[in-house]
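Chains A, B, C and D supply the protein sequences, listed in that same order. Numbering-wise, the first sequence is residues 1 to 276 according to my numbering. Numbering-wise, the second sequence is residues 1 to 508 according to my numbering. Numbering-wise, the third sequence is residues 1 to 141 according to my numbering. Numbering-wise, the fourth sequence is residues 1 to 147 according to my numbering.
Source of the hints: derived by calculation from the structure; they are not laboratory data. One or more of the hints may lead you astray.
What the hints assert, rightly or not - DSBU-like cross-link-like pairs, simulated, lysine-lysine; straight-line CA separation at most 35 Å:
hint	chain 1	residue 1	chain 2	residue 2
1	D	K60	D	K12
2	C	K88	D	K100
3	D	K100	C	K113
4	D	K60	B	K118
5	C	K113	D	K60
6	D	K60	B	K36
7	C	K88	D	K60
8	C	K117	D	K100
9	C	K117	D	K12
10	B	K36	B	K118
What the hints assert, rightly or not - Not close to chain B: a few residues of chain A, all C-beta gaps over 12 Å, as computed:
hint	residue
11	L48
12	F60
13	D92
14	Q94
15	P97
16	S103
17	L104
18	M117
19	P125
20	Y142
21	A145
22	R164
23	T168
24	A178
25	L184
Think of the CB as a built atom: it goes at the ideal place given N, C-alpha and C, for glycine as much as any other residue.
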Amino acid sequence: MLSFIYAAGGPATISPPTLIIDIALMAMLVVVAFAIVRMRSLFAIVMLQGVYSLMCAAWFVTLDAVDVAFTEAAVGAGISTVLMLSAMLLTDRQSAPVGAKKSLGPLLVCVLAGAAMFYAIPDMPAYGDANSPANTGPGMEYMTAAVTDVEIPNIVTAVLASYRGYDTMAETVVIFMAGLGVLLLLGLNGNAGFWQAKVQGQNIFSLTAPRTRILTSTEDKPETEPPAPDEAAPPKPKPKRKPAAAKKRAAKKPAAKKTAAKKPAAKKTGGKGSAS
Amino acid sequence: MLNFLNLSQAWIAAEAPVAIVVLPLIIGALCALINKERIAWLLVLLTTLICSALSFVILREVMASGTISYGLGGWDPPLGIEYRVDGLNAPVLMLISVIGVICTLYALRSVTAEIEPKKRGPFYGAFMISFAGLLGMVVTGDAFNVFVFLEVSSISTYVLVAMGASRDRRALTAAYNYLILGSIGATFFVIGVGFLYMQTGTLNMADIALALSESGESRVTQVAFAFIVVGLGLKLAMFPLHLWLPGAYAYAPSFVTAFLAATATKAALYLLLRFVFTIFDPTADFIISALTWLLAVLGVIGMFFASFQAIFQTDARRLLAFSSVAQVGYMLLGVGIGTMAGVTAGYVHLLGHAMTKGALFLCLGAMWYQFGVTRISDFKGLGKTMPWTMGAFTVAGISLIGVPGTVGFVSKFALLTAAADKGWWWAVAAIVFTSILALVYIGRMLEAAWLQDRPQVDGVDVATREAPASMLVAMWALAIACVVFGVNATWPLELANDAASVIMGGAG
Amino acid sequence: MAADNTHSAPANPVDIPWDAVLEWGLALASTGLIVSGAIFVLAGALGVLRMPDFFTRMHAAGMTDTLGAEFILLGLMLQAGFSQMTLKLLLVAFFLFLTSPTATHAIANAALKSGLKPQLGPYKAPELSEIEGKTPSEGAH
Amino acid sequence: MNSHLILRTVSKFLIPLIVVYGLYVHFHGDFGPGGGFQAGVIVAAAVVLYALIFGIDACKVAVPPSWIRIGMTVGVMLFAGTGVVTWLLGGAFFDYDVLKYDPDHPAGQHLGIICVELGVLFTVATVMVAIFYAFGSRTPDISDEDW
Numbered sequence: 001m002l003s004f005i006y007a008a009g010g011p012a013t014i015s016p017p018t019l020i021i022d023i024a025l026m027a028m029l030v031v032v033a034f035a036i037v038r039m040r041s042l043f044a045i046v047m048l049q050g051v052y053s054l055m056c057a058a059w060f061v062t063l064d065a066v067d068v069a070f071t072e073a074a075v076g077a078g079i080s081t082v083l084m085l086s087a088m089l090l091t092d093r094q095s096a097p098v099g100a101k102k103s104l105g106p107l108l109v110c111v112l113a114g115a116a117m118f119y120a121i122p123d124m125p126a127y128g129d130a131n132s133p134a135n136t137g138p139g140m141e142y143m144t145a146a147v148t149d150v151e152i153p154n155i156v157t158a159v160l161a162s163y164r165g166y167d168t169m170a171e172t173v174v175i176f177m178a179g180l181g182v183l184l185l186l187g188l189n190g191n192a193g194f195w196q197a198k199v200q201g202q203n204i205f206s207l208t209a210p211r212t213r214i215l216t217s218t219e220d221k222p223e224t225e226p227p228a229p230d231e232a233a234p235p236k237p238k239p240k241r242k243p244a245a246a247k248k249r250a251a252k253k254p255a256a257k258k259t260a261a262k263k264p265a266a267k268k269t270g271g272k273g274s275a276s
Numbered sequence: 001m002l003n004f005l006n007l008s009q010a011w012i013a014a015e016a017p018v019a020i021v022v023l024p025l026i027i028g029a030l031c032a033l034i035n036k037e038r039i040a041w042l043l044v045l046l047t048t049l050i051c052s053a054l055s056f057v058i059l060r061e062v063m064a065s066g067t068i069s070y071g072l073g074g075w076d077p078p079l080g081i082e083y084r085v086d087g088l089n090a091p092v093l094m095l096i097s098v099i100g101v102i103c104t105l106y107a108l109r110s111v112t113a114e115i116e117p118k119k120r121g122p123f124y125g126a127f128m129i130s131f132a133g134l135l136g137m138v139v140t141g142d143a144f145n146v147f148v149f150l151e152v153s154s155i156s157t158y159v160l161v162a163m164g165a166s167r168d169r170r171a172l173t174a175a176y177n178y179l180i181l182g183s184i185g186a187t188f189f190v191i192g193v194g195f196l197y198m199q200t201g202t203l204n205m206a207d208i209a210l211a212l213s214e215s216g217e218s219r220v221t222q223v224a225f226a227f228i229v230v231g232l233g234l235k236l237a238m239f240p241l242h243l244w245l246p247g248a249y250a251y252a253p254s255f256v257t258a259f260l261a262a263t264a265t266k267a268a269l270y271l272l273l274r275f276v277f278t279i280f281d282p283t284a285d286f287i288i289s290a291l292t293w294l295l296a297v298l299g300v301i302g303m304f305f306a307s308f309q310a311i312f313q314t315d316a317r318r319l320l321a322f323s324s325v326a327q328v329g330y331m332l333l334g335v336g337i338g339t340m341a342g343v344t345a346g347y348v349h350l351l352g353h354a355m356t357k358g359a360l361f362l363c364l365g366a367m368w369y370q371f372g373v374t375r376i377s378d379f380k381g382l383g384k385t386m387p388w389t390m391g392a393f394t395v396a397g398i399s400l401i402g403v404p405g406t407v408g409f410v411s412k413f414a415l416l417t418a419a420a421d422k423g424w425w426w427a428v429a430a431i432v433f434t435s436i437l438a439l440v441y442i443g444r445m446l447e448a449a450w451l452q453d454r455p456q457v458d459g460v461d462v463a464t465r466e467a468p469a470s471m472l473v474a475m476w477a478l479a480i481a482c483v484v485f486g487v488n489a490t491w492p493l494e495l496a497n498d499a500a501s502v503i504m505g506g507a508g
Numbered sequence: 001m002a003a004d005n006t007h008s009a010p011a012n013p014v015d016i017p018w019d020a021v022l023e024w025g026l027a028l029a030s031t032g033l034i035v036s037g038a039i040f041v042l043a044g045a046l047g048v049l050r051m052p053d054f055f056t057r058m059h060a061a062g063m064t065d066t067l068g069a070e071f072i073l074l075g076l077m078l079q080a081g082f083s084q085m086t087l088k089l090l091l092v093a094f095f096l097f098l099t100s101p102t103a104t105h106a107i108a109n110a111a112l113k114s115g116l117k118p119q120l121g122p123y124k125a126p127e128l129s130e131i132e133g134k135t136p137s138e139g140a141h
Numbered sequence: 001m002n003s004h005l006i007l008r009t010v011s012k013f014l015i016p017l018i019v020v021y022g023l024y025v026h027f028h029g030d031f032g033p034g035g036g037f038q039a040g041v042i043v044a045a046a047v048v049l050y051a052l053i054f055g056i057d058a059c060k061v062a063v064p065p066s067w068i069r070i071g072m073t074v075g076v077m078l079f080a081g082t083g084v085v086t087w088l089l090g091g092a093f094f095d096y097d098v099l100k101y102d103p104d105h106p107a108g109q110h111l112g113i114i115c116v117e118l119g120v121l122f123t124v125a126t127v128m129v130a131i132f133y134a135f136g137s138r139t140p141d142i143s144d145e146d147w
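Could you build all of it, start to finish, from the sequences and the hints given here?
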């Protein structure tokens with residue numbers, strides 16, 4: 001194992017004890033990952049994901065990526081476990097078994113992606129190689145430039161917030177968007193998602209209700225819907241066009257109802273639904 | 001101290017690449033707080049208009065003086081993030097922002113019909129952020145910044161698609177599928193960028209290209225290429241990776257579908273061009289074989305496969321979605337030909353198809369808005385009940401088939417000549433044959449709409465009920481663009497030629 | 001260490017080199033504390049493996065973890081000397097002292113609430129034959 | 001009530017400290033590991049802890065859901081606003097140096113970084129709480145006995 005890692009050539013500067021810790025942590029990561037894949041109890045899976053994150057964090061510490069480790073510990077092991085648990089409570093405690101056929105595709109993708117990475121190993125710079133491009137290019141330049149440009153001891157913060165602050169802004173927007181998505185789709189009080197779109201003020205669905213049901217006779221246009229109290233509902237074109245005409249149509253409506261006997265019931269429910 | 005007066009023309013021209021992205025981001029964040037949908041809509045319309053103006057300024061600047069480079073944060077490019085606009089991405093910027101304006105115009109009515117009232121403000125916010133994400137993806141010259149904006153646009157797109165749930169609950173499943181596949185795509189992309197960083201030590205695209213040309217071909221580069229192509233392929237619905245697309249397009253709110261169909265896959269395709277030709281070395285053996293086998297051959301298979309699937313669809317939007325996959329195949333074929341003419345043809349097809357598909361989806365949205373039409377069997381008599389909408393649909397549909405006089409013909413003809421020049425007669429045959437398939441599936445709809453009688457309810461003919469004016473304006477704007485650029489194709493061809501010369505200039 | 005010794009070599013041979021004594025003493029004390037802390041933690045781990053039921057395991061883990069961690073932190077504090085680090089370690093020790101027993105309590109309480117009965121009565125070691133073929137958690141019965 | 005006495009007492013003491021620690025992480029981000037993102041998560045964790053122990057309804061009184069939309073937007077605005085201010089002061093976007101001039105010390109950078117990180121803190125904290133509220137407020141379909 002050791003020789004495999006050193007094999008890529010170049011001076012490996014890591015000390016063996018760190019390497020042992022690295023290998024131990026990665027071995028545990030693999031074990032936990034397999035446990036997560038094999039497990040059916042969602043509660044255990046969520047907990048194991050927390051464990052996985054925590055071990056990742058420990059591993060990042062041995063790689064001297066303290067900031068990343070901190071984030072991983074706070075987000076992965078900390079709050080996301082709680083969030084996953086609260087989401088799990090809404091679904092089920094057990095995951096349904098997945099057939100072998102269904103898991104074949106993802107397995108293939110994983111194997112291919114992994115094989116591709118292994119394919120690249122011979123040409124990779126050695127682990128911890130001081131002369132690798134990543135350690136000599138702009139990455140190293142930050143180390144020298146940040147001291148005078150930004151004068152912040154923590155280079156990670158300097159890169160994150162100043163040199164690549166624009167990336168961080170976009171990341172913030174990603175998080176903002178995630179929050180906005182939750183607000184839009186779930187709502188904060190657990191009561192979102194029951195509103196239904198209506199074609200001209202009526203509930204129809206492409207499959208449940210054929211379109212002919214709303215194709216009402218000549219004059220019975222949905223503009224005649226009584227305006228809902230909150231501007232909630234009917235997608236009627238705003239009435240500013242010709243209020244008089246709208247009224248006239250409203251007056252005509254009863255007549256139209258007679259011709260289309262089936263119509264009124266559907267329409268009434270549609271109207272009510274939209275008003276409430 | 002505050003030099004507000006500095007907002008001179010020169011300042012605007014200099015800062016436009018950033019302003020075009022940041023402005024919609026800020027407005028998007030603001031819209032989340034606005035409860036009045038009219039105000040939100042006005043803000044969005046104003047923003048998209050300003051962005052279009054800015055993109056026009058950028059395009060003019062690029063035409064006049066070549067590449068624009070902007071170092072964000074005042075840092076020099078390899079250290080900081082660079083915005084880099086040249087002939088390749090300026091037209092895409094223009095395309096996205098103009099389509100944004102048109103879709104916003106259309107959105108006013110369609111959102112009222114499809115989105116819950118109190119959510120409309122935040123919904124416009126999400127649209128704005130998706131818009132900004134697409135622009136950001138296109139304008140940047142930094143490989144990691146691409147990923148970040150890819151995420152911005154993707155996450156907002158998932159939400160936008162899922163908002164179709166108030167029309168059809170299947171939107172939720174579709175959005176979930178898209179989320180899973182999109183996340184996998186983004187992960188692949190970022191792994192690829194990581195490999196590039198490992199190989200070159202920098203994230204700036206120009207720098208990467210330089211370092212790659214120095215270091216030559218290595219396995220790391222090859223793996224980076226593979227991951228990036230697969231990641232972007234998922235985003236642009238390359239043939240075997242297109243599974244998310246039909247569902248997402250079929251169930252999203254109608255103006256979102258139109259916007260996505262016209263811009264999202266196009267932005268991803270631009271990125272593919274950018275990565276394959278200007279970052280990697282297109283003369284390398286593995287890239288040449290990837291172009292031929294991965295892009296061109298898969299593109300052709302996709303054209304056939306998706307066109308056949310489109311023929312057998314019953315849902316009009318799904319049909320057009322499969323047709324989109326087929327059209328992506330055309331563009332990939334153009335890219336895969338790999339010659340100047342081929343890339344030009346692919347690029348023109350990118351621009352033309354954006355207009356065509358945008359117009360088609362806008363028309364479908366209006367049909368749902370007025371009559372609840374989603375299935376092709378319901379198209380019966382639509383030419384009489386919604387003549388103007390159906391007219392726009394017909395014009396765009398003809399362009400999709402590639403009838404002379406439309407922009408679809410221009411690009412397909414360019415593609416045909418490029419393939420013939422290369423001696424790929426199988427590709428020529430494929431283009432002709434799939435165009436016939438397009439004629440079949442578009443023809444089905446047109447036949448039902450124009451040749452059949454208007455439907456009756458309880459023995460009474462259904463009245464003519466045209467879509468509202470704002471919708472008509474939007475769809476006709478795109479339909480007319482299809483014809484105008486079809487008759488007088490110099491402008492798009494010129495743009496595409498510039499773009500191709502940027503690419504091929506890099507190749508040497 | 002050696003350098004320090006030579007540096008503080010007393011002019012007067014009867015004088016005791018207090019600096020060195022202090023340093024060695026601190027090192028010894030901190031080592032002792034860390035080692036004993038580690039032993040406590042190990043004992044806790046052993047307890048989790050060997051104890052018969054949930055509550056006794058919880059007990060083993062909770063008690064020893066608190067004490068072991070505190071010992072280790074104390075040892076580290078001695079190593080750090082008077083610096084900002086010591087203060088931070090002190091805070092960590094304080095929070096650990098507070099949260100670790102609380103967490104143990106909460107888990108045990110939750111187990112009791114959800115109907116897990118503690119095993120009462122004298123512990124009977126399982127027969128060797130009984131253990132075989134069973135997972136460790138079922139083994140103690 | 002009684003059953004959670006210990007938890008309540010301890011957490012009443014700890015929650016303010018967690019928030020203080022979050023702020024420490026934020027403002028100490030220039031010198032050690034940490035920054036707005038981690039700080040935001042820690043602050044959100046304090047809110048989540050409060051909700052877990054005192055119930056989500058009490059938490060909604062303490063941190064009203066109406067704050068969340070505002071907090072999210074304020075965060076993005078703070079971040080992007082810093083860039084806009086650098087524009088107005090005549091610099092490139094996010095060129096913090098123009099924020100505050102100091103001949104021998106990049107004071108503008110420090111100011112800019114703190115502002116920007118504050119924006120991240122706001123957004124992250126509120127979004128985390130938003131997600132927790134969104135999931136926590138729905139009543140689960142399955143009862144606790146199904147465990």
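Cross-check of the supplied hints:
A C-alpha spacing of about 16 Å is found between K60(D) and K12(D), which places the hinted pair at or below 35 Å, so the restraint holds. Annotation: proposed proximity of K88(C) to K100(D) holds, straight-line Cα distance about 33 Å (limit 35 Å). Straight-line distance between C-alpha atoms of K100(D) and K113(C) comes to about 59 Å, which puts the hinted pair past the 35 Å bound. Between K60(D) and K118(B) the CA atoms are separated by roughly 21 Å; this keeps the pair inside 35 Å, and the hint holds.
Simply put, K113(C) and K60(D) have alpha-carbon atoms about 26 Å apart, close enough for the 35 Å limit, and the pair holds. Simply put, K60(D) and K36(B) have alpha-carbon atoms about 25 Å apart, close enough for the 35 Å limit, and the pair holds. Between K88(C) and K60(D), the direct Cα distance comes to roughly 33 Å. Compliance with the 35 Å bound is thereby established for this hinted pair. Restraint check for K117(C) and K100(D): the C-alpha separation of about 66 Å exceeds 35 Å, so the hint is violated.
For the given pair, K117(C) sits about 30 Å from K12(D) by alpha-carbon distance, which is consistent with the 35 Å threshold. This hinted pair checks out: K36(B) and K118(B) have alpha carbons roughly 8 Å apart, not beyond 35 Å. Separation of L48(A) from chain B is adequate, the least Cβ-Cβ distance of about 20 Å exceeding the 12 Å criterion. Distance check for F60(A) against chain B: the nearest CB is about 15 Å away, which clears 12 Å, and the non-interface claim stands.
Under the 12 Å C-beta cut-off, the non-interface status given to D92(A) relative to chain B holds; the minimum distance is some 16 Å. With 12 Å as the threshold on Cβ separation, the claim that Q94(A) sits away from chain B holds: the shortest Cβ distance comes to roughly 20 Å. Here P97(A) stays apart from chain B, with its beta-carbon at least about 19 Å from theirs, past the 12 Å limit. No Cβ of chain B comes within 12 Å of the Cβ of S103(A); the nearest lies about 14 Å off, and the non-interface call holds.
The Cβ of L104(A) lies farther than 12 Å from every Cβ of chain B, with a closest approach of about 15 Å, so its non-interface assignment holds. Not every CB of chain B is more than 12 Å from the CB of M117(A) (nearest about 7 Å), against its label as outside the interface. A Cβ of chain B approaches the Cβ of P125(A) within 12 Å, the least distance being about 7 Å, so the stated non-interface status is violated. Its beta-carbon lying about 7 Å from the closest one in chain B, Y142(A) breaks the requirement of being farther than 12 Å from that chain.
The non-interface label for A145(A) is inconsistent with chain B: the shortest C-beta to C-beta separation is roughly 7 Å, within 12 Å. Not every C-beta of chain B lies more than 12 Å from that of R164(A), the closest at about 6 Å, which undercuts listing it as non-interface. Under the 12 Å C-beta cut-off, the non-interface status given to T168(A) relative to chain B is violated; the minimum distance is some 9 Å. Separation of A178(A) from chain B is inadequate, the least Cβ-Cβ distance of about 6 Å not exceeding the 12 Å criterion.
The claim that L184(A) is not at the interface with chain B is violated, since a C-beta of that chain comes within 12 Å of its own (minimum 6 Å).
Hint compliance for this structure: hints 3, 8, 18, 19, 20, 21, 22, 23, 24 and 25 are not met, and every other hint is.
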